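Chemist: As a plain string of letters, each chain reads:
2 protein chains.
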Amino acid sequence: MVKRDVTVTEVALRDGSHAIGHSYTIDQVQKVAKALDEANVPYIEVSHGDGLGGSSLQYGRSKTNEMELISAAVSVCKQARVGVLLLPGIGTVEELKEAENLGARLARIATHVTEADVSKQHIQLAKELGMETVGFLMMAHMVPTEKLVEQAKLMECYGADTVYIVDSAGALLPHEVKERVKALKNQLKVNIGFHAHNNLSLAMANTLVAIEEGATWVDGSVRCLGAGAGNTQTEVLVSVLDRMNRSTGIDLYKMMDLAEEIVAPILEKPQEITKGSLILGYAGVYSSFLLHAERAAHKFNVDSRDILVELGKRRVVGGQEDMIVDVASELAKKSI
Amino acid sequence: MVKRDVTVTEVALRDGSHAIGHSYTIDQVQKVAKALDEANVPYIEVSHGDGLGGSSLQYGRSKTNEMELISAAVSVCKQARVGVLLLPGIGTVEELKEAENLGARLARIATHVTEADVSKQHIQLAKELGMETVGFLMMAHMVPTEKLVEQAKLMECYGADTVYIVDSAGALLPHEVKERVKALKNQLKVNIGFHAHNNLSLAMANTLVAIEEGATWVDGSVRCLGAGAGNTQTEVLVSVLDRMNRSTGIDLYKMMDLAEEIVAPILEKPQEITKGSLILGYAGVYSSFLLHAERAAHKFNVDSRDILVELGKRRVVGGQEDMIVDVASELAKKSI
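Protein chains in written order, with the UniProt record's numbering: chain A, 1 to 336; chain B, 1 to 336.
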């Protein structure tokens, strides 16, 4: 058994699918997973970017059926465990069973940070199937710490082995991560995890703060391959933790090599912080709001960024897209 | 007079020239400088990547004479002050006088972190010319904090208004930045500055730690345009500081716009953390060592990264390139 201070889950084959239009092929997944396995990465997540069952007109169609991709990853892994993401409402229990049957050993059940209660059935099923189980609280910046603790406790009592704080919009500042991890660490018995996005160039900073405060599970994506500005860059994280004498059990040189030789060629273009990803992190809103806000901005002759910032202040969530036009209209009246 | 908590110097037109093979044109510099000026950026550095006089076979030839680029920037700035970098031994007092005569108002005199004594003449000249003057201590990770303080004090006593800690290799970890800034803040009277590189994905983290510990001058580069993995991304830094209620006096939306519309099209390819820039930050060595190490690695059949890590441990500096072959040879013997 490898001794690790920090357990890294590689998400390039799941979150990264957002960055390449869900176009992973079996060949790509096998090459990446095999190299990650050989570098001793302990967990490799493979799913549509929006989790099992995400392939759709709404979320983007996968080029290859994700069950085939999961099988492909499982077939080449000697030590690594393959994980899947599931958002109740998008993915189903049947899909979770199918993935487990194909060899997935880690289930990450993800909900909006206020909706942990919808994860009960799926967390319990994953445990019954004998899978390691993570509760994944998305858009964690949107609620005060007390609310986050309350929701995390729900996932803990459903049976999750680990509860993750997920900074989906890359909106959390380091002191906000510190407060949240500290509170969870104090009030939960299970492992605490952290998943960063780099919209404010803080993915590495926040991941290190989380580890400092006691998070023992963190996510990385090779070459930052993930939604928005991408995630914490795994090969860099492994280098930094090595410099800080925190062991990940991962072979640093192999990670550097696979990033350059196997993952980089898959990227359509390098991940960087663009105007769009920056404003999402700054405002703390869903990426799906961007296009709606731009359309409303055009219609009402206001700045789309002012709309997004206002939506962030009002903590508007998915499904409330009609609010975008309301906000644009209000801003237009104010500016007269 | 604008009230600022943090004074940002934009370095994309100097450090960024490394990233585009020193190919800036007058038109590009005018467009970028004008937009930065309109966004209320207080200082804009314009020089060859290696400072005044850097255009050479050794450091890379500038496509356009840097004095013409300085004039071009000065001609479009209404409030921003144009700065120049000068490394004694590369640039000369005559070049500094010429730049001042063309309208440069900020002189940044840069030396290796152990060689502050060679900056005396240039710092004194800059002050005599009435320029704001910065002492710039490069490769600051290579010495213990006491040594850094000693060298910074030299620059202070020569008359520098501000002394910068320069993390040239992007090798400093946040706690190392904290210790260094704190010590300088305690033991110097002048302003403390910090210049980051992103080789370990820590440019933003380190810049925030520096500000937290009392640094009031920091560098940024729009779209990360700088040597290695680039610098702290200015438009992102301004966003983050805004979220933290630290004023920079800079117009955030104008910064976002100019990054996307004016600077991004100049990049030959987006800045990212590649295998090469990562190993330089991990080992903490000069970028010029990379090619030498790869050649020696090939000759002695060892891993170039082991050579670089060993060079970092031995704190080998520029001019000692013959050590690279020695280290490779030693490693080859050990591995037999």
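Please keep in mind that the hints were generated in silico from the structure rather than gathered at the bench. One should not assume that every hint holds.
It does not matter which identical chain is used: a pair holds within one copy or between any two.
Computed cross-link-like contacts, DSSO-like style, restricted to lysine-lysine with a CA-CA straight-line distance of at most 27 Å [what the hints assert, rightly or not]:
1) K3 x K189
2) K178 x K189
3) K313 x K254
4) K269 x K254
Computed from a prediction, not measured in an experiment: that's the story for all the values here.
Chemist: Against each hint, give a clear statement of whether it holds in the structure.
Modeler: Taking the hints in turn, this is what the structure says about them:
no. : hint        : in the structure
1   : K3 x K189   : within (20 Å within a copy, 47 Å between copies)
2   : K178 x K189 : within (18 Å within a copy, 32 Å between copies)
3   : K313 x K254 : between (43 Å within a copy, 21 Å between copies)
4   : K269 x K254 : both (23 Å within a copy, 25 Å between copies)
Violated hints for the displayed structure: none, as all numbered hints are satisfied.
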